[in-house]
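Protein chains in written order, with my numbering: chain S, 1 to 104; chain E, 105 to 937.
Rather than coming from a laboratory, the hints here were simulated on the basis of the structure. Take these hints with a grain of salt, some might be off.
[Claimed, not checked] Distance condition first, Cα-Cα at most 25 Å in a straight line; then the derived BS3-like pairs of lysine-lysine:
| no. | chain 1 | residue 1 | chain 2 | residue 2 |
| --- | --- | --- | --- | --- |
| 1 | E | K676 | S | K32 |
| 2 | S | K34 | E | K194 |
| 3 | S | K19 | S | K80 |
| 4 | S | K104 | E | K347 |
| 5 | E | K194 | E | K541 |
| 6 | E | K623 | E | K693 |
| 7 | S | K19 | E | K623 |
| 8 | S | K80 | E | K541 |
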Amino acid sequence: MNGQLWLKMANLVFDLNKKIARDNNTQVERIKTKMEQVLEEAGFFLYNPTGEKYAETRTDVEANISGEVSADMYITDVIKPVVYTEENGMKILLQKGIVIVSGK
Amino acid sequence: MSATINFGIDLGTTNSLIAKCTNGAVEVFKNPAGHKETLPSVVGFRKERILVGDKAREYIEKDPSNVFSSFKRKMGTSESFFVPNLGDFKTPVQLSSMVLKELKNFIYSGEALTSAIITIPASFDTVQSNATKQAGYDAGLYEVILLQEPVAACLAFANKGTEKISDGKWLVYDFGGGTFDVALVYLQGGEMQVADHEGNNYLGGLDFDNLIIDQLIIPQLAQKGTFDDLHTGLKSASGKYNKLYYELLYKAEEAKIMLSNANSADIEFEIEDVHGDVQDIFLTITRDDYNKLIQPVVEQTISFTKAIIERNKLGAADIQEIVLVGGSTYTPLIRQLLFQQLNIPVNATVDPTTAVAVGAAYFAASKAITVEKTVALATEAVAQGSAYNLQVRTAYQKNSNEREEYFSALIKGDWANCYYRITRDDGGFDSGIKPLKERIEEILTLLPDTLNQFTLRLFDDKQSALDVTVAPIQIMQGKFSIYGQPLPSDICIEVDDTYNKTTYLELLFEKNAILPIKKSITKTLSRTIVKGSDDQLLINILEGSRYATPQSNLPIGVIVIAGKDIQADLIKGSDVDLSIEITESRDIKINAYVNITGQEYEQVFTPTVRNVNTSRLLEETDYLLRLANRNQTKLVEAEDYEASQNLQSIITRLEEMKKRLRYLPADDVTDEKYQLEDQKRKLSLQIDMLGKDNRVREIREEYYGRKEAAEYYLREHAGKEDYAKRFQHIISNEGEFLNGSEATIRRKCEELSQLVWDMKKRNFDYIVGVFTYYAMKEDHAYNNPAKAKQLKERGDAAITRRSGEELLSIVSQLYHILIDKDTDEPLKGTGLG
């Protein structure tokens with residue numbers, strides 16, 4: 001499977017994760033965890049920055065700022081996850097996260 | 105040094121790109137942060153920080169007085185923009201030069217960009233063209249050659265095909281994200297020239313996204329539930345659904361892209377209705393709906409195109425092709441309407457997003473550079489770096505449990521008018537370009553549980569990199585704490601080697617891995633555990649060397665799933681999900697989920713409490729006894745009497761152990777089982793050592809023989825599949841495993857044999873040879889003679905049809921029903937494969 005298809009799969013697993021988190025289905029959660037393991041074996045590491053502080057220095061995300069800009073902004077929703085790959089033990093950003101950012 | 109310019113830059117209104125042509129092949133460089141080829145032509149001045157590209161674009165709507173886009177439209181005018189955060193003005197030339205400087209960072213090879221072709225719109229007059237050149241010089245380029253965008257696009261198409269492009273007239277239809285241009289290009293006697301052009305600076309693909317939201321999503325949504333004023337709620341900054349609006353903009357764009365290739369696209373999202381209930385919304389947009397929506401916009405672009413044709417008194421037959429440029433031209437309706445209404449062939453063979461940059465690079469490869477001047481510039485650049493006499497002293501925390509870490513540096517030397525920038529090497533952090541001061545400070549964002557490496561670079565007043573060496577900034581996040589420590593030994597799980605009827609260690613965590621650490625794996629059952637039986641499934645975690653035998657490693661945690669406790673048979677081949685976690689204080693948490701029964705087992709083992717399973721200990725002792733007896737025979741045969749005498753003493757001690765274990769109650773409360781377990785490990789090591797030299801020599805010879813065979817077949821299958829990669833994977837760490845246990849080397853031998861077999865079985869004649877070997881055996885050599893006979897007949901038929909796959913399957917079935925397979929002292933394994 002080529003890199004783009006893996007990336008598509010990573011995004012789908014992320015969407016699945018969002019649904020599971022809401023429905024609290026442990027059986028599906030288990031399968032999702034296995035899917036994440038497969039992605040990691042293929043060298044794709046998903047990262048969900050929900051709730052983290054947002055700064056303009058963060059180039060791991062493309063932010064859509066909702067409301068007014070303020071010094072204290074947080075990532076309130078993640079549409080697409082941050083995806084890293086690994087080369088020679090070092091992580092490399094493969095896909096920027098698409099996020100919604102707003103003040104507290 | 106290259107004799108030609110080679111670099112081409114598309115300095116676009118919405119996005120910019122940089123490409124290089126080397127030996128006829130063009131590479132479009134990618135942004136090191138996020139690996140996108142396009143850089144938004146946007147510059148933002150945020151307090152002391154200058155942002156260029158994606159980050160600046162985020163603030164276009166929120167901080168419009170400090171963030172600038174589409175300044176290309178103002179090139180060559182006297183207009184300049186006041187920047188409140190700077191208290192100063194910036195001209196379109198200065199802003200463009202910042203975009204060009206940012207593009208220089210895309211060149212990963214680090215080679216200096218001193219000459220380039222920069223593209224300009226066909227509409228640019230002399231003043232605008234000169235302004236573009238000035239932006240290039242301000243960005244540190246010594247030589248700038250301009251090229252009109254439609255010509256660059258034609259060059260990209262002309263160089264793509266194998267057919268020679270003949271003289272004639274071409275239309276370049278450029279529909280980007282925010283602008284539309286169409287140009288008429290003449291090609292005559294090898295010369296290209298823009299004869300006429302038309303355009304609209306406020307028409308682009310972004311309009312399509314908004315149309316999808318306004319006219320397709322909102323009306324459908326209104327039918328699905330009761331929501332507060334959707335339109336205002338979405339588009340007002342303080343609206344209830346404002347966050348959703350940004351999500352929908354993104355999803356509308358995704359749907360638009362999907363509709364270029366599919367007849368329908370789905371949009372899925374959640375929204376809270378007036379009652380406060382969260383509703384899952386699932387909308388489908390068909391290509392027909394979408395086409396109806398965008399047709400009026402596309403018709404406008406076609407009107408511009410028709411106007412050019414009519415103005416130049418041309419007919420459809422006078423024009424060779426319409427060349428498509430710009431991301432919006434992926435839309436099938438555009439291609440369809442252009443052809444239907446103009447009756448001119450449409451050419452979309454080159455990536456429309458990169459066509460202009462690619463064409464500029466082709467042109468650059470044909471233009472000579474001024475060699476003397478470039479050399480002078482390179483020398484000057486280095487001299488400039490040392491002329492500032494800059495020295496940097498950094499201070500920061502090397503280990504951190506925080507997600508952000510404070511960094512500061514003291515700068516000595518002539519730092520006035522210089523700049524600096526700190527980037528994280530994985531691409532997830534960029535300080536932006538900031539003025540250099542005597543003391544610089546930055547809050548660095550850290551990626552969790554990893555070594556974060558940052559690079560600090562210094563620039564002169566033109567933002568050309570200065571030759572100042574600063575050591576990489578390395579911060580380990582989350583891995584060290586006051587309780588944390590590296591693992592002293594490998595942590596492994598014991599799994600069955602069903603082929604050799606023994607067990608071996610599979611690595612979970614490598615020695616020196618930093619705690620805490622967690623891993624989830626899925627294992628397959630290697631045998632069926634019958635419900636209610638005395639059999640058991642063992643999840644045995646051990647500490648020691650991954651290359652040693654399991655018996656000589658220290659068990660640190662074991663979960664036993666007994667046949668008596670399971671709700672149904674655990675069938676061979678079914679999955680067990682395992683999650684193993686070691687905390688900073690070395691607690692080991694094992695969680696096992698048996699998929700087939702849905703049963704879950706979890707246990708935490710602390711380093712102060714040792715867990716010994718007596719029935720497993722008995723099995724292992726029994727196995728060691730049989731192994732020792734077999735080795736004893738070999739030692740006697742080899743007349744190694746000294747080793748034989750030592751081994752006899754081990755056998756005696758193992759027999760004593762076995763007796764003590766038989767009488768040990770399962771719930772024994774004394775220390776005896778721990779003593780016996782210790783003794784077992786020591787005896788196992790001793791057995792391993794006695795006569796090991798001879799055995800290891802033999803198995804190493806076998807390994808080298810198999811490796812040689814694999815290399816032979818690899819040469820035969822050069823370039824096919826991923827055999828070479830597999831081979832490298834098997835022999836990696838060769839020095840280490842050849843000094844490890846025999847079992848490890850034996851497994852490597854098997855992996856090499858499997859690789860050789862996989863390569864051999866591509867040869868039909870070879871498979872026939874293997875089948876013949878099994879077919880020659882009598883039917884009663886198989887445990888099901890009737891089936892063996894039938895398989896042999898099917899094999900003959902498969903040979904006649906030359907069906908290799910079928911023959912392979914038959915060989916496999918014959919092997920499995922063969923009675924006389926080599927057997928050794930089996931160790932009843934763990935049940936995990």
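Hint by hint, here is what the structure shows:
1. E:K676 to S:K32: holds, 24 Å
2. S:K34 to E:K194: Not OK: K34 (chain S) and K194 (chain E) at ~53 Å, beyond 25 Å, violated.
3. S:K19 to S:K80: holds, 14 Å
4. S:K104 to E:K347: Within the cut-off at roughly 13 Å; holds.
5. E:K194 to E:K541: holds, 22 Å
6. E:K623 to E:K693: The hint holds at about 11 Å.
7. S:K19 to E:K623: Holds, because 24 Å separates the two Cα atoms, which is no more than 25 Å.
8. S:K80 to E:K541: Measuring from Cα to Cα gives roughly 38 Å; hence the hint is violated.
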